[in-house]
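When you get a sec, could you build the whole thing from the sequences and use the hints?
Numbering (the working numbering), first residue to last: 1 to 347.
It should be emphasised that the hints constitute simulated quantities derived from the structure, not laboratory data.
With a straight-line Cα cutoff of 27 Å, these simulated BS3-like cross-link-like pairs (lysine-lysine) come out:
{"id": "1", "residue 1": "K76", "residue 2": "K19"}
{"id": "2", "residue 1": "K2", "residue 2": "K59"}
{"id": "3", "residue 1": "K19", "residue 2": "K2"}
{"id": "4", "residue 1": "K59", "residue 2": "K76"}
{"id": "5", "residue 1": "K2", "residue 2": "K76"}
{"id": "6", "residue 1": "K204", "residue 2": "K283"}
{"id": "7", "residue 1": "K19", "residue 2": "K59"}
{"id": "8", "residue 1": "K157", "residue 2": "K136"}
Here are the simulated distance ranges between beta carbons:
{"id": "9", "residue 1": "H168", "residue 2": "D304", "range": "22 to 32 Å"}
{"id": "10", "residue 1": "P290", "residue 2": "R51", "range": "42 to 52 Å"}
{"id": "11", "residue 1": "E120", "residue 2": "P247", "range": "20 to 30 Å"}
{"id": "12", "residue 1": "P53", "residue 2": "Q292", "range": "39 to 49 Å"}
{"id": "13", "residue 1": "G24", "residue 2": "R308", "range": "19 to 29 Å"}
{"id": "14", "residue 1": "G281", "residue 2": "R23", "range": "34 to 44 Å"}
{"id": "15", "residue 1": "G281", "residue 2": "T135", "range": "35 to 45 Å"}
Idealized CB from N, CA, C, for every residue including glycine.
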Amino acid sequence: MKLLVTGAAGFIGYHTARKLLERGDEVVGLDNLNDYYDVRLKLARLEELRRYPGFRFVKLDLADRAGMADLISQEKFARVIHLAAQAGVRYSIQNPLAYVDSNVVGTANVLEGCRHNGVEHLVYASTSSVYGANTKMPFSVHQNVDHPLSFYAATKKANELMAHTYAHLYALPVTGLRFFTVYGPWGRPDMALFLFTRNILDGKPIDVFNYGHHRRDFTYVGDIAEGVVRACDRVATGNTDWDSDAPDPGTSRAPYRLYNIGNNRPVELLRYIEVLEQCLGRKAQMNLLPLQAGDVPDTWADIDDLTRDAGYTPATPVEEGIRQFVDWYLSYYRDGGPANPKVVNLG
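Below you can see the structure in the form of structure tokens.
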């Protein structure tokens, strides 16, 4: 298959594109290479992907309406995996309009391109953050999620509503995936595991919010990429049993599906840090702080639907996943900087 993967220079996008390429698919990777975090890391990921003959890179911003329309029209993709977004709960508090441009306008451009060009299936990234003020655990796609606690979550909820509308109006098969705290090699420098590792190695304290009592459904990126590909392979269909008198938020009469994609094993943040200390052979100096604005105390994914429909079975415990991350970090970074990544001209 020929697929478009948006956000291919990003963390999840890189791993997903690589999995597709390894099985022989043709992948066009799109990214705008913004400077939300170190662009050299994004370039290094792309360099890894360019080793596969089936990969091509296009530098393009999702908000470029004409550019997106031309790309999808010219390339005639069989399927689209839309992972590009402005990420980060905390950054959305300071700079909400960046999330409108990327997550709302950008996703609208992807939806338009898909519906005008016969794309067989659109899979897009949502987030566990949409559960917001919900406290019933585990989180289920069959719960209502009408109380987001961050603007980032609100834009992702908007994406889900937009996708459903296109499924209903234009019979575009769409599947949304709510990711739960993804971690692993090639991770984002603004995420906790990366920040903790860097500070522990530098002998600096780490900020531990909610006094370390967060419980997160930490999910290894390899398991996430496997789930994304499995979801892409299973084209969304309508639920013939959907009842408008008791509407199920996770399905529809339209070809629309929502799935949680997590590990289904919540881990307390203090345990997560303890495993990291063991892998690094160093103790962390912890600056214990209260819960941050926009954060939720706990997450836990009900993954039964994705397991039933796509055979998704996460297989990586945090002890193994953190070790994999530390091995990558130590091989890639030295003295807090890149370990001589090659910077290439990607257009």
